[in-house]
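Peer 1: Going down the list, the protein sequences come from chains P and G. Heads up: the first sequence is residues 1 to 271, going by our numbering. Heads up: the second sequence is residues 1 to 449, going by our numbering.
Worth flagging that the hints you see were computed from the coordinates, not collected in a lab. As the structure is a prediction and not an experimental result, all values here were calculated from the model. Glycine included, every Cβ here is placed at the ideal spot set by N, Cα and C. Mixed in with the good hints there might be a few duds.
As the list claims (entries may be wrong) - The following label-pair restraints were derived from C-beta to C-beta distances:
1. GLN162(G) / VAL102(P): 37 to 47 Å
2. GLY289(G) / PHE255(P): 27 to 37 Å
3. ALA220(P) / ARG233(G): 52 to 62 Å
4. TYR25(P) / MET261(G): 36 to 46 Å
5. ASN222(G) / PHE85(P): 24 to 34 Å
6. LEU106(P) / GLU411(G): 53 to 63 Å
7. ILE51(P) / LEU130(G): 35 to 45 Å
8. ILE51(P) / SER283(G): 51 to 61 Å
9. TYR25(P) / GLN162(G): 19 to 29 Å
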Amino acid sequence: MHQYMTYVSIAVYAASFICYAWILYAPNAWVGRLASVLLASGIVSHYFALIERSHWIHAVPYDDLYGSMSLFAWLLAVTYLGLEFLHRQRSVGALVTSLLVVWIALVAKFAPDRIVEPPTARGPLFALHVTLNTWAYAAFALSFILSVVYLLQDRVLRSRHTSATFWRFPALDVLDRMARSSVYVGLVTMIVGVSLGFLYQRRLTGAISWTDPKVVVTLAIFLIYLAYLALSRTSRWRGARAARICALNFAVVLFSYTLVNLYLTGFHRFL
Amino acid sequence: MSSTYSNTKPLAATPRPAVRIALIGCNHRTAPVEFRERVAFTAEQARAAANSLRQQGILQEAVVLSTCNRSELYGVRADGGAPATDAMEEFLTSFHRIPRSDFDGRFYRWTGRDAIQHLYRVAAGLDSMLLGEAEILGQLRTAYSQALEQGSTGPVLNRAFQGALEVGKRIRAETEVGARPMSVAFAGVKLAERVFGNLKGRAALIVGAGTVAEQVIEHLRNRGIGRLQVVNRSLDHAEELASRMDGKAVPWQSLETVLAMPDVIVTSVGGSEPVLTRAMLESALGSRGGRPVFIVDLGVPRNVAATAADLYNLYVYNIDDLGEIVEQNRRAREAEIPRAEAIIAEHVGKFEAWRAALEAGSIVDELRGRFNRHREELLRERMEAMPSISDEERQRLAEITGDLVDRLLAEPAERLRQAHAVRGHLGALDALRHLFGITEKSRKDERDE
Numbered sequence: 001m002h003q004y005m006t007y008v009s010i011a012v013y014a015a016s017f018i019c020y021a022w023i024l025y026a027p028n029a030w031v032g033r034l035a036s037v038l039l040a041s042g043i044v045s046h047y048f049a050l051i052e053r054s055h056w057i058h059a060v061p062y063d064d065l066y067g068s069m070s071l072f073a074w075l076l077a078v079t080y081l082g083l084e085f086l087h088r089q090r091s092v093g094a095l096v097t098s099l100l101v102v103w104i105a106l107v108a109k110f111a112p113d114r115i116v117e118p119p120t121a122r123g124p125l126f127a128l129h130v131t132l133n134t135w136a137y138a139a140f141a142l143s144f145i146l147s148v149v150y151l152l153q154d155r156v157l158r159s160r161h162t163s164a165t166f167w168r169f170p171a172l173d174v175l176d177r178m179a180r181s182s183v184y185v186g187l188v189t190m191i192v193g194v195s196l197g198f199l200y201q202r203r204l205t206g207a208i209s210w211t212d213p214k215v216v217v218t219l220a221i222f223l224i225y226l227a228y229l230a231l232s233r234t235s236r237w238r239g240a241r242a243a244r245i246c247a248l249n250f251a252v253v254l255f256s257y258t259l260v261n262l263y264l265t266g267f268h269r270f271l
Numbered sequence: 001m002s003s004t005y006s007n008t009k010p011l012a013a014t015p016r017p018a019v020r021i022a023l024i025g026c027n028h029r030t031a032p033v034e035f036r037e038r039v040a041f042t043a044e045q046a047r048a049a050a051n052s053l054r055q056q057g058i059l060q061e062a063v064v065l066s067t068c069n070r071s072e073l074y075g076v077r078a079d080g081g082a083p084a085t086d087a088m089e090e091f092l093t094s095f096h097r098i099p100r101s102d103f104d105g106r107f108y109r110w111t112g113r114d115a116i117q118h119l120y121r122v123a124a125g126l127d128s129m130l131l132g133e134a135e136i137l138g139q140l141r142t143a144y145s146q147a148l149e150q151g152s153t154g155p156v157l158n159r160a161f162q163g164a165l166e167v168g169k170r171i172r173a174e175t176e177v178g179a180r181p182m183s184v185a186f187a188g189v190k191l192a193e194r195v196f197g198n199l200k201g202r203a204a205l206i207v208g209a210g211t212v213a214e215q216v217i218e219h220l221r222n223r224g225i226g227r228l229q230v231v232n233r234s235l236d237h238a239e240e241l242a243s244r245m246d247g248k249a250v251p252w253q254s255l256e257t258v259l260a261m262p263d264v265i266v267t268s269v270g271g272s273e274p275v276l277t278r279a280m281l282e283s284a285l286g287s288r289g290g291r292p293v294f295i296v297d298l299g300v301p302r303n304v305a306a307t308a309a310d311l312y313n314l315y316v317y318n319i320d321d322l323g324e325i326v327e328q329n330r331r332a333r334e335a336e337i338p339r340a341e342a343i344i345a346e347h348v349g350k351f352e353a354w355r356a357a358l359e360a361g362s363i364v365d366e367l368r369g370r371f372n373r374h375r376e377e378l379l380r381e382r383m384e385a386m387p388s389i390s391d392e393e394r395q396r397l398a399e400i401t402g403d404l405v406d407r408l409l410a411e412p413a414e415r416l417r418q419a420h421a422v423r424g425h426l427g428a429l430d431a432l433r434h435l436f437g438i439t440e441k442s443r444k445d446e447r448d449e
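Model the full assembly from the supplied sequences, consistent with the hints where possible.
Peer 2: Below you can see the structure in the form of structure tokens.
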């Protein structure tokens, strides 16, 4: 299988990671801008890597677990770059890009070197449904990263043992707002994605399967993130407790993305 | 002397640049404050000193840098000769009316590369009492701007000081040397920023007063803090401080009621009992919907009850906590010195390369002048023995030999003028001077001729 563009995108993401890590170590506006430009370039090359894979398997890139994981990483990068511009904050970039590099490298290494069966489900509605839901997962993953950083920063503040990274990472308030922005992105894409999924299923089978484990878990994810948003505004849960909820919610996302997809659902299997 | 054999191309008429910087000065390490006070310059004195140095012909370029921790005089000698530290010292003794013996051991003298390195270290804050302090860069900029305005700088000091300002900015941007707070007041504010991000528009409450508390308020004001309230046991004191800090005084009895408003609280009150109890803060946090509160407790004994420290979304830093953070930061800044020194070395190298290129141009002019004088002498001697040669032919011969000198020097001149080619090759220039006997004395003699 040809993965040239995948390797290119790994290299560009790695270069972006170096720049992001550099500005944590020694802040420099130009290196920061270069990091963002490289990340954007990584996103473009990653897009072509997804196209390259599609050409090879003669199907959409998310047709199997590996393609789906690659799409997930791409959407994570897109979401992060958006949040970076929105909140004018680059100091979490090193974490995100390092995850991207490892994630895509693993996908490239373990992706099967065989052509999979073409999917039974296809069409633009289905494509949008899958892409938007994957985007929601990516946004939740980002909120997880931001919440973990929040908890670490909070711990350092309370321990009173500061380090260079402590002074470089964003303030608690910024992390909190970034995590919430990310969850908003996740919820909106999830609502639209799930709705399109229901619409597609209805067209295909004439009914909506409310009891399928994938649907149930997805609705549960929707509710727990809504709960997070509501609680994060209350006096009792605002701050570190809300960050903890957000981080724990991601465990349910992982559960849905792995175990549910692989073993429990009747129509969301990607193997 | 003008003759038929003179080169048709004129020699460089502009004065050759003198590029050796000299520096004399003292700082907090070499002299006690009593002595530094005696050799300090006001802005007016700095201008007068720089003018006098130039008018008396001691220096061609001069900049005076005078802060509470240092008095330094940077100069470039008028005749481009040897460093002028002795003459500069002589001038300072008479300017400040201090016996020369008082200077012994208290003044340092640097020339050339060492002087540039010292200037860059000063700009970086590496030579400051408080490692990496930012104020020195502003003071350096002011001293240079002042000298530039009155015209006491020239190409060499312009290059040196602009380089120093660039070094100072780069080191603060690229290393931790100036990054972390080094005072208790600044540490408190920076920590508050770790919670709230931008402090602009946030509300603050000052409980009590004190020097450090006032410094904290100053930092908060610089960061655009919004509403500022002052509470003191004495309402008069509260009003006085509030009017100075553009805040609002609140009676002591209202302390509990105003506690729900501020995001940042600074306490500095005397007394054996805590002023802010756990119950008061718990109630305040509830009233503000659980939004975080950051407290800088500067009181000894502490003004915030120890039991309040674990309240959710309450961050309390007492004077010892802040002191410990300042100490951590000091160690972190010291660990960054090698990186700062590397940046300084890079910029000193650039300056030296520029200096080398400048000197190279100067040497080429010297050589051209010398070769042309030899050429003219030789032509005169030979032509005397050949009276049959017409004036027109003599002129032609002069032109041909002049062109020969130019061609011989064209390539070496080009190579020497390229800064990147001579970087680090100042030794080669010295060798060239030695080879052709170009010394300051010979230059002066030739100019006198």
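Peer 1: All hints are to be evaluated individually against the structure, with a verdict given for each.
Peer 2: How the hints compare with the structure:
1. GLN162(G) / VAL102(P): 37 to 47 Å: 45 Å, holds
2. GLY289(G) / PHE255(P): 27 to 37 Å: 33 Å, holds
3. ALA220(P) / ARG233(G): 52 to 62 Å: 56 Å, holds
4. TYR25(P) / MET261(G): 36 to 46 Å: 39 Å, holds
5. ASN222(G) / PHE85(P): 24 to 34 Å: Holds, since ASN222(G) and PHE85(P) (Cβ atoms, about 28 Å apart) stay within the stated range.
6. LEU106(P) / GLU411(G): 53 to 63 Å: Once the Cβ atoms are compared, 60 Å apart, the range 53 to 63 Å for GLU411(G) and LEU106(P) holds.
7. ILE51(P) / LEU130(G): 35 to 45 Å: Violated: the Cβ-Cβ distance is about 57 Å, outside 35 to 45 Å.
8. ILE51(P) / SER283(G): 51 to 61 Å: With a Cβ separation near 60 Å, ILE51(P) and SER283(G) satisfy 51 to 61 Å, so the hint holds.
9. TYR25(P) / GLN162(G): 19 to 29 Å: Once the Cβ atoms are compared, 27 Å apart, the range 19 to 29 Å for GLN162(G) and TYR25(P) holds.
In this structure, the one hint that does not hold is number 7.
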